[in-house]
Amino acid sequence: MSAKTSSASASHGEHAPEPSGAQTLAQKILSRASGLSHVVPGQIVDGAVDLAMCHEQGAQAVLPFHQMEAKKVWDVDRVVVAIDHWVPASTEGAAQLHQILRHFAQEQGLKHFYDVGNHGICHQILAEHGWVVPGDLAVGTDSHTNMLGAMGAFAVGIGPTEYAAVLALGKIWLKVPTTIQVDVKGTLGKGVYAKDLVLRTIKEVRCDGARYKAVEFAGPTISRLTMSERFTVCNMTTEMGAKAGMVPPDERTFEFLRSIAKHPMHPLYPDKDATYERKVEIDVDGMEPQVACPASPDNVRPISELVREHVKVGQVFLGSCTNARMDDLREAARIFKGEKVAPHVRFIVSPASTSIYKQCLKEGLIELFTDGGAVFTNSSCSACFGGNMGILAPDEACASTSNRNFPGRMGAKEARIYLMSPAAVALTAIRGEISDPREVL
Amino acid sequence: MREVIEGRVWCVDDELDTDQLIAGKYLTIIDPAELRKHVLENVDPRFSKEAQAGDILIAGENMGCGSSREHAPAALKAIPLGAVVANSFARIFFRNSINLGMPAIEAAGVRAIFHPGDTCRILMREGRVVNVTTGKEVSFPPLPAHLLDLLEQGGLVEKVRKELKRTEARP
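Going down the list, the protein sequences come from chains A and B.
Under the numbering used here, think of the first position of the first sequence as 26, with each following residue one higher.
Under the numbering used here, think of the first position of the second sequence as 2, with each following residue one higher.
What the hints contain is simulated information worked out from the structure, not anything from laboratory work.
A few of these clues could be false.
[Claimed, not checked] Below, a list of computed lysine to aspartate or glutamate pairs in the EDC-like style, where the Cα atoms sit at most 20 Å apart:
1) Lys163/B <-> Asp71/A
2) Lys228/A <-> Asp208/A
3) Lys166/B <-> Asp71/A
4) Lys38/B <-> Glu117/A
5) Lys210/A <-> Asp310/A
6) Lys26/B <-> Asp45/B
7) Lys96/A <-> Glu164/B
8) Lys196/A <-> Glu164/B
9) Lys383/A <-> Asp140/A
10) Lys438/A <-> Asp15/B
11) Lys200/A <-> Glu107/B
12) Lys137/B <-> Asp119/B
13) Lys196/A <-> Asp150/B
Since we're looking at a predicted model, the values are computed, not measured.
This is chain A alone, in the form it adopts within the complex:
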């Protein structure tokens, strides 16, 4: 960013953008969304929303929507409802949330409702149906909405009252964030995955290191990641406190969206000389698998240390928006094939969407997992959030591919949760203690 500001632009007020200021991807997208040529960090803008998504939390938006005396949703083709936390409803409370959403969808003519039978984890639904495209400003009533930043979009989590305001107005106020660039180089070794890369990054940035900030990934390692891997990486920028996490779009992004994009793409890229608040360099050459230990996602240690400590687990969870796509399930299956779950261990496998469930059925993965003593559930958030199934008792430990391990996240506050890759949990399920997948690959 140049240090000089012309007097003409200064007249626009304290947040006047610099006329030739280079912009990060976050700035570019928020400029577009707010109809401005430039925006600068700290500036508050009203952004036009390209896509608004809710899961069950959207039910809490219905009352405020009516209290706002809003009559119609601003654009029914930009609203997606995807229930995922309790599918099918497992409590009377959940049934009521679903009912409120169904009634609201009917009242407002919301056509894009992914209901029971056609369901999946909300972020995965947005991804696999092409609802978010490069350059979009997307909002969702879930903190892991960041995942869609892998499309080269600015995707941000909001609460239900805010969601109601978006439904009413089609816009949202946002403070333009500064950006942390995470530059990743090196080659992920055998048994080391995108999950390990992002856990390693969280260790560096810490849980609050990206609060109010955007995280923009760059570097040759990121370019080589598949879209599924980019989803995993952007998903967990939430665990750095980030407002949004993103990968600039490239041929992989366009190829992924070519036949499924619901709206025209309008790709944007960071300027070469954009100003980053901080640059974090991660070199994954020689990096071993990583584990986030209790009770914070930034308490990350190399897996070899845990292997030496013989950390026993009672439950293993392969699921969540972070790591339950086909590549995750196939990689876990490669290790689990022909094996059995260790005695006294429960292995829960929950695919990220119904279409992934069907693909697992076709490829024989459901049989492979269940033959080995795992339980293969329908698609949902499942055990990740401690409110539906796979709940932990006190003094239990769980190896999980999900994204958060705060006290009480999966049930009892005393339960210990270890976050790791799908391959690592598969071997852990077989051995009953935290295990390094490189030993068998």
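Knowing the structure of chain A, use the given hints to seat chain B on it.
Leaving out everything else, chain B in the frame of chain A:
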């Protein structure tokens, strides 16, 4: 919004995440009065029983990190707390609080100058948080006009309602 907010203090520590504020098993509850019965139950079981209208919650770093659940600030607002003051906030919790019309004040170093039971006085426009019991105080950058306006109007529902009315009134 009151210019001066004063109340009895409760304290929580760094990285108090939304799972600890309100556990996942309560997320199907919509009624804020019902939610308040379970707020912080794993952290301080006395809080939900003994917290009273106007009390102030003082928190450490990254208050409210984790999920987007509005249940967390909604449960605190149901008490209703006078304000939440923290060394720093996670962004969705901060936004949700303001949107619900509950003052959320970010004041670096505030946690260290309070003990449970102290009296806290917040001067919103001056940007000062005072421990009335000990006389210690910290300053904070007052909220931007945009957010003060949101609080003044009682939260986002009221603000949007007025905005929609204005839009309709246009020829």
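Distance restraint between Lys26/B and Asp45/B, which requires alpha-carbon spacing of 20 Å or less: Given pair Lys26/B, Asp45/B holds - Cα atoms ~18 Å apart, limit 20 Å.
Pairwise hint evaluation, Glu164/B against Lys96/A, where the allowed Cα distance is 20 Å at most: holds (13 Å)
Restraint check for Lys38/B with Glu117/A, where alpha carbons must lie at most 20 Å apart: Between Lys38/B and Glu117/A the Cα gap is close to 19 Å, so the pair holds against 20 Å.
Pair hint outcome, Lys166/B versus Asp71/A [Cα-Cα no greater than 20 Å]: holds (18 Å)
Hint consistency between Lys196/A and Asp150/B [alpha-carbon to alpha-carbon, up to 20 Å]: This hinted pair holds, its Cα atoms lying about 18 Å apart.
Straight-line alpha-carbon gap Lys383/A to Asp140/A, limit 20 Å: holds (16 Å)
Restraint status (C-alpha distance of Lys210/A to Asp310/A at most 20 Å): Holds, at about 8 Å.
Lys163/B paired with Asp71/A [C-alpha distance capped at 20 Å]: holds (17 Å)
Pair hint Lys438/A and Asp15/B, alpha-carbon separation not exceeding 20 Å: Since the Cα atoms of Lys438/A and Asp15/B sit roughly 17 Å apart, the hinted pair holds (cutoff 20 Å).
Agreement of Lys196/A and Glu164/B with the hint, judged by alpha carbon distance not exceeding 20 Å: holds (12 Å)
Given hint Glu107/B paired with Lys200/A - CA-CA distance at most 20 Å: Answer holds: Lys200/A to Glu107/B is near 16 Å, not above 20 Å.
Holds or violated: Lys228/A to Asp208/A, with C-alpha atoms at most 20 Å apart: Answer holds: Lys228/A to Asp208/A is near 15 Å, not above 20 Å.
Against the hints set out earlier in the document, no violation occurs for any number.
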